[in-house]
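There are 2 protein chains.
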Amino acid sequence: MSTKRIAGPEIERLIQLLAKVPGLGPRSARRAALHLVKRRDQLLEPLASAFAEAAEKVRICSVCGNVDTVDPCTICTDPRRDDGLLIVVEDVGDLWALERAGAMNARYHVLGGTLSPLDGIGPDKLNIAGLVERVAAGGVGEVILAVNATVDGQTTAHYITDQLSGFDTRVTRLAHGVPVGGELDYLDEGTLAAALRSRTAF
Amino acid sequence: MSTKRIAGPEIERLIQLLAKVPGLGPRSARRAALHLVKRRDQLLEPLASAFAEAAEKVRICSVCGNVDTVDPCTICTDPRRDDGLLIVVEDVGDLWALERAGAMNARYHVLGGTLSPLDGIGPDKLNIAGLVERVAAGGVGEVILAVNATVDGQTTAHYITDQLSGFDTRVTRLAHGVPVGGELDYLDEGTLAAALRSRTAF
Numbered sequence: 045m046s047t048k049r050i051a052g053p054e055i056e057r058l059i060q061l062l063a064k065v066p067g068l069g070p071r072s073a074r075r076a077a078l079h080l081v082k083r084r085d086q087l088l089e090p091l092a093s094a095f096a097e098a099a100e101k102v103r104i105c106s107v108c109g110n111v112d113t114v115d116p117c118t119i120c121t122d123p124r125r126d127d128g129l130l131i132v133v134e135d136v137g138d139l140w141a142l143e144r145a146g147a148m149n150a151r152y153h154v155l156g157g158t159l160s161p162l163d164g165i166g167p168d169k170l171n172i173a174g175l176v177e178r179v180a181a182g183g184v185g186e187v188i189l190a191v192n193a194t195v196d197g198q199t200t201a202h203y204i205t206d207q208l209s210g211f212d213t214r215v216t217r218l219a220h221g222v223p224v225g226g227e228l229d230y231l232d233e234g235t236l237a238a239a240l241r242s243r244t245a246f
Numbered sequence: 045m046s047t048k049r050i051a052g053p054e055i056e057r058l059i060q061l062l063a064k065v066p067g068l069g070p071r072s073a074r075r076a077a078l079h080l081v082k083r084r085d086q087l088l089e090p091l092a093s094a095f096a097e098a099a100e101k102v103r104i105c106s107v108c109g110n111v112d113t114v115d116p117c118t119i120c121t122d123p124r125r126d127d128g129l130l131i132v133v134e135d136v137g138d139l140w141a142l143e144r145a146g147a148m149n150a151r152y153h154v155l156g157g158t159l160s161p162l163d164g165i166g167p168d169k170l171n172i173a174g175l176v177e178r179v180a181a182g183g184v185g186e187v188i189l190a191v192n193a194t195v196d197g198q199t200t201a202h203y204i205t206d207q208l209s210g211f212d213t214r215v216t217r218l219a220h221g222v223p224v225g226g227e228l229d230y231l232d233e234g235t236l237a238a239a240l241r242s243r244t245a246f
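As you go down the protein sequences, you meet chains G and A in turn. Take 45 as the starting number for the first sequence in the numbering used here and just add one per residue. Take 45 as the starting number for the second sequence in the numbering used here and just add one per residue.
Be aware that one or more of the hints could be misleading.
Any copy will do: because identical chains look the same in the list, a pair fits if it lies in one copy or spans two.
Each computed SDA-like pair below joins lysine to any residue, with the alpha-carbon atoms no more than 25 Å apart [what the hints assert, rightly or not]:
| no. | residue 1 | residue 2 |
| --- | --- | --- |
| 1 | LYS64 | ARG214 |
| 2 | LYS64 | LYS101 |
| 3 | LYS101 | THR194 |
| 4 | LYS64 | VAL222 |
| 5 | LYS82 | VAL222 |
| 6 | LYS169 | SER72 |
| 7 | LYS82 | SER106 |
| 8 | LYS64 | PRO161 |
| 9 | LYS169 | ALA193 |
| 10 | LYS82 | CYS120 |
Hints are computed from structural coordinates only; laboratory data are not their basis.
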C-alpha cells in the first residue's frame, strides 16, 4: 500500500486497465485517463456506454470467425458477395485490412493464428477443420490464402494447400512484390527478387 | 454511407471514440478495439465498468482543482500535509508527476493552464483568484511555483508573484539545472548556463 494516495481508487483502476490497451503504456495510460476524466460528457461517458454495448453485443461469427454484433456476421449473410471465392486470413485484423482495400467481393475464413510447432500451435488449435468443411460443402471455386509472408504464415499456407488438395478448388496466394509507394533502395533482397520474377508487361 | 459494412455500428463507434484517446490514432484505435472485443471478460467489461464508475464519481476539487472522487480531494483533506506549503501547478498531470516524485508533503493549487495573451487566456480564465484567496486566508508560509519552464509558464509565474507581493508569503520556483541522468552533450545552452549559475558545493 502506498502511503500517499493521489487520486481515488476508481481512477487508479482506470489507469491500470487503460495501460493494457495496445498502443498505451503505463505513462500514456495516465495521460489518457486524465484527458478522459476531464472530458466526462464528450468522452468518458460515451466510451463507457460504447464499451458496455460492445461487451454485450459482440459475437464471433460461427461461420467465418469474424467479429461482429450478429452471428453469422454481416459479410457471411451479405447476398451480394461471391460464394465461390473464399479469402483465408490469420486474424480478424487482416480481414478488416482487406475490406478497407475493398478489392474483392469475397467471403472470408479466419484461422485464428498460424501453425507454430515451437509455440505448440498445431492444426487443431486453428480453424482449419472449419475451412475444409466449407470447401467440402461445395461451391467454392477459389481459396485465396491471404496469410502473412512470414515463415509461420507460409507453413500454414502449405498445410492448408495439402488439406484442400482433394477438392476441385483452386488455391492461390497473394502476390509478392514492391509495395505501392515503396522505394527499391529500402526493400529487402527477397522482395526485390520476387518482384523481378513476377514482373508484368508495362 | 459505405457500401460494405465490415463490423457492426457498435464496433465502429467504439473505434471512433478510441481514436480520440490521446496516444491512440485511427489505426491504433482499430487494433485496440479488436484486441478489446476479443478479450471481453478480461478487458472490455472491466473497462466499461471502470469508465462508468469514473464518469459517475470523478469530481474536480473545489479547493485546489485536483481530480478525485471526493471534494475536497484526498490531498486537501490529508491531515499529515503541511498547510503552510502550497505548490502551484499548471495542470493536474503536473500535480500527479510531483506526487510520484514524492519529495514534498505539501498541498497544491491547480491553475488550469498558463497565461497566453495570443490564445486569449487572461488571468480570469485561470484559477489565480482562488490562489490569492487561499494565501489571503493566512497560514501559507511558502508558495512554490512549479510551472513549466516555458515562456507562458514563466509569464504566469511573474504575474502570480505580483499578485502575491502584498502578502507575507515567500514565493519560490523550481531550480533549473541538469536533469538527473542527463548528458551534458544533449542539453541546450540555456539549461547548461542555468546549471552553472546555480552550481552547488560538492
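Checked hints:
1. Taking CA atoms no more than 25 Å apart as the test, LYS64 paired with ARG214 passes in neither setting, with 42 Å inside one copy and 44 Å between copies.
2. Both within a single protomer and between protomers do LYS64 and LYS101 lie at most 25 Å apart by alpha-carbon distance, with minima of 22 Å and 22 Å respectively.
3. For the homomeric pair LYS101 and THR194, neither the shortest alpha-carbon distance inside one copy (34 Å) nor that between copies (48 Å) is at most 25 Å.
4. With identical chains, the CA atoms of LYS64 and VAL222 are never at most 25 Å apart, being 35 Å at best within one copy and 33 Å at best between copies.
5. For the homomeric pair LYS82 and VAL222, neither the shortest alpha-carbon distance inside one copy (46 Å) nor that between copies (33 Å) is at most 25 Å.
6. In this assembly of identical chains, LYS169 and SER72 lie within 25 Å of each other by CA distance neither inside one copy nor across copies; the values are 35 Å within and 27 Å between.
7. In this assembly of identical chains, LYS82 and SER106 lie within 25 Å of each other by CA distance solely across copies; the values are 14 Å between and 41 Å within a copy.
8. Taking identical chains as interchangeable, the C-alpha atoms of LYS64 and PRO161 are never at most 25 Å apart, the minima being 28 Å within one chain and 40 Å between chains.
9. Only within a single protomer do LYS169 and ALA193 lie at most 25 Å apart by alpha-carbon distance; the minimum there is 20 Å, versus 56 Å between protomers.
10. In this homomeric assembly, LYS82 and CYS120 come within 25 Å of each other (Cα to Cα) only across copies, at 19 Å, whereas the closest approach inside a single copy is 41 Å.
The structure is inconsistent with the numbered hints 1, 3, 4, 5, 6 and 8, although it conforms to all the rest.
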